[in-house]
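There are 2 protein chains.
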Amino acid sequence: MNQSDEHTNRQWRLRSRPVGMVRTSDFECVEEPLPALGDNQVLVRNLYLAFEPAMRGWLNDVKSYVPPVGIGEVMRASSVGQVIESRHPSYAVGDLVSGMLGWQEYALADGEPGPMGRLATVPDGIAPEVMLSALGGTGLTAYFGMTDIGEVREGDTVLVSGAAGATGSVAAQIARLRGAERVVGIAGGPEKCQWLTEQAGLDAAIDYKSENLARRLRDELPHGASLFFDNVGGPILDEALLNMAQGGRVVLCGGISGYNEEELPPGPRNYMQIVIRRLTVRGFILIDHFKDAGRALGDLSGWLSEGQLAVATDVQEGFENTPQTLLRLFEGKNLGKQLLKLADPPIPR
Amino acid sequence: MNQSDEHTNRQWRLRSRPVGMVRTSDFECVEEPLPALGDNQVLVRNLYLAFEPAMRGWLNDVKSYVPPVGIGEVMRASSVGQVIESRHPSYAVGDLVSGMLGWQEYALADGEPGPMGRLATVPDGIAPEVMLSALGGTGLTAYFGMTDIGEVREGDTVLVSGAAGATGSVAAQIARLRGAERVVGIAGGPEKCQWLTEQAGLDAAIDYKSENLARRLRDELPHGASLFFDNVGGPILDEALLNMAQGGRVVLCGGISGYNEEELPPGPRNYMQIVIRRLTVRGFILIDHFKDAGRALGDLSGWLSEGQLAVATDVQEGFENTPQTLLRLFEGKNLGKQLLKLADPPIPR
Chain P
0 MNQSDEHTNR QWRLRSRPVG MVRTSDFECV EEPLPALGDN QVLVRNLYLA FEPAMRGWLN
60 DVKSYVPPVG IGEVMRASSV GQVIESRHPS YAVGDLVSGM LGWQEYALAD GEPGPMGRLA
120 TVPDGIAPEV MLSALGGTGL TAYFGMTDIG EVREGDTVLV SGAAGATGSV AAQIARLRGA
180 ERVVGIAGGP EKCQWLTEQA GLDAAIDYKS ENLARRLRDE LPHGASLFFD NVGGPILDEA
240 LLNMAQGGRV VLCGGISGYN EEELPPGPRN YMQIVIRRLT VRGFILIDHF KDAGRALGDL
300 SGWLSEGQLA VATDVQEGFE NTPQTLLRLF EGKNLGKQLL KLADPPIPR
Chain R
0 MNQSDEHTNR QWRLRSRPVG MVRTSDFECV EEPLPALGDN QVLVRNLYLA FEPAMRGWLN
60 DVKSYVPPVG IGEVMRASSV GQVIESRHPS YAVGDLVSGM LGWQEYALAD GEPGPMGRLA
120 TVPDGIAPEV MLSALGGTGL TAYFGMTDIG EVREGDTVLV SGAAGATGSV AAQIARLRGA
180 ERVVGIAGGP EKCQWLTEQA GLDAAIDYKS ENLARRLRDE LPHGASLFFD NVGGPILDEA
240 LLNMAQGGRV VLCGGISGYN EEELPPGPRN YMQIVIRRLT VRGFILIDHF KDAGRALGDL
300 SGWLSEGQLA VATDVQEGFE NTPQTLLRLF EGKNLGKQLL KLADPPIPR
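Read top to bottom, the protein sequences are chains P and R.
Heads up: the first sequence begins at 0 in numbering that gives the first Met the number 0, then just goes up one per residue.
Heads up: the second sequence begins at 0 in numbering that gives the first Met the number 0, then just goes up one per residue.
Chain P with its partners taken away, still in its complex shape (with noise of 0.2 Å):
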């Protein structure tokens, strides 16, 4: 079986760097034949692709903990596809696969550790959603952020900002599970803010949109946070710092509140209260932390089985608006997890 003959690819390549808010006409798409498979190498029907905030710093040309995608390159991305050619041992025809596969319909993997991973298969009765999301980079950041980085323990107090995001409502319900006294969540809408309470199980949920910040993480942590885990970084930042219990720790996950500023945005006018109130903030990027994969996935993989977990998924359609749906992370639309579809599997299994 060789579909390549009958495909053409396309992909969404990174036509200039974007100033700023990232536009859709930062990307173009092409089409170009599919290549030859070589030895050892797989051809994979993308099927989900997986957006996350992160993605937009790699389209900055600054040096970090992964290269920038260059002009002209597919944009980077997660996803999960089907294996519709092998000439690899390890991957049959039919195999659901994830990898960093890139924003294109197909993509040739050889099964070599990529920078974020190598490809892996997608267990048997795991949806694409699931993997993409819980059991994706976004759970694996949240579990490692929460459990390692953060060191939640039983009576902890937490916080957590861009708590209805892929990242936050993970590691929100981690808090929970591993025995948090008392989880509050910090998004923007009610809708998202209905989900934390309501399905993910956190004590409250404070709508930064509509609601009175300042005031209300006061009401809701009368004693502090002895844990705060933020994505977002500015004003909420800002005013988590000023609720923090004396000797808290302050997990940075992220700061998509500034990503997509022109210039670097002022950072957190209340930082001195690291002093003031002995804080310890932690950075971490997970990458570091792929070597625990196996603990994390055990453990997420349970909680998901005995229903513990909830996972909300926002799933668009359609290879064309790939750009777009990069989008909507910065325009905050998503709840939960921000994935693409692009086709059901081909081959049936």
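Please note: incorrect hints may appear among the correct ones.
One copy or two, it doesn't matter: identical chains are merged, so the pair holds either way.
No farther apart than 25 Å at their CA atoms in a straight line, the calculated lysine to any residue pairs in the SDA-like style are these [stated by the list, open to error]:
id	residue 1	residue 2
1	Lys-62	Gly-246
2	Lys-62	Gly-233
3	Lys-290	Ala-213
To be clear, the hints were calculated from the coordinates, so they are not data collected in a lab.
Quick caveat, the model's predicted, so the values are computed rather than measured.
With chain P's structure known, arrange chain R on it following the hints.
Structure of chain R alone, referenced to chain P:
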């Protein structure tokens, strides 16, 4: 012997809360008769007053780790004085003592713990200048910040800002004494930088006032700093964040650059480097560590007696110059500990 009948006490009291830069007119000099000595009290003649940047924070009417100094109250400060009258069994006339005795010529002390710790007897052979610097609050702050919070260890590459200040100068030398591979200081002016490399044994000193800080940091720390001890905040903190090694530690001790701003200045623009470089940032306050003061004073005294710890002091004179002497800190005039000498010991020892 009862000198209190013979003396009027002069005090500098807080007249008004400073807005922006503290001014001498925010204090007023008041004369009053010495109060009568009660049971278990001692009367102390202040000989040296000590000054530190944190005093600026005590003037603001905000909740912090100690209550603010009240309007009309004697300004809080540590000092060394001589006991000239005693009704307390632990103190004899002629003893040199240190404590938070404030901006006044004479102080009544009751031997009970105050907000910053108990009145302490100055050990024989320790000069008041050393008691108030390397063995005083700033020396202890340097010790706990560098050892317990920063966990300095052999092989570290250490950067210290405000390195010629009372805390920074001791912190930088502790890093050297604890086996850091390289210690780099940042200070303002050639005299301070010369002292750091020639007297304090630092590997390099950067004059942020006359040199290109960004370039010098890159040159002096080609692999980044594994430990940064920050006393200043502002643009120096921002530049340092761009020169941290992956997994580095940042000790936030203070942020003198912002203490006299009318509004809170912007925070560190580069704070996302905490994520990208996987940093751990910790704040601390000395008062939490008083329980371990014995260990700190043992180590510091040992280094002093072995001549391994250089002590710099800037000694002004005259009680009338008390507020001006505080201002020297914020003008960057002091090399080492800022002190004010009020008198020689009135009682021969």
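Which constraints among the numbered hints does this structure fail? Numbers only, ascending.
3
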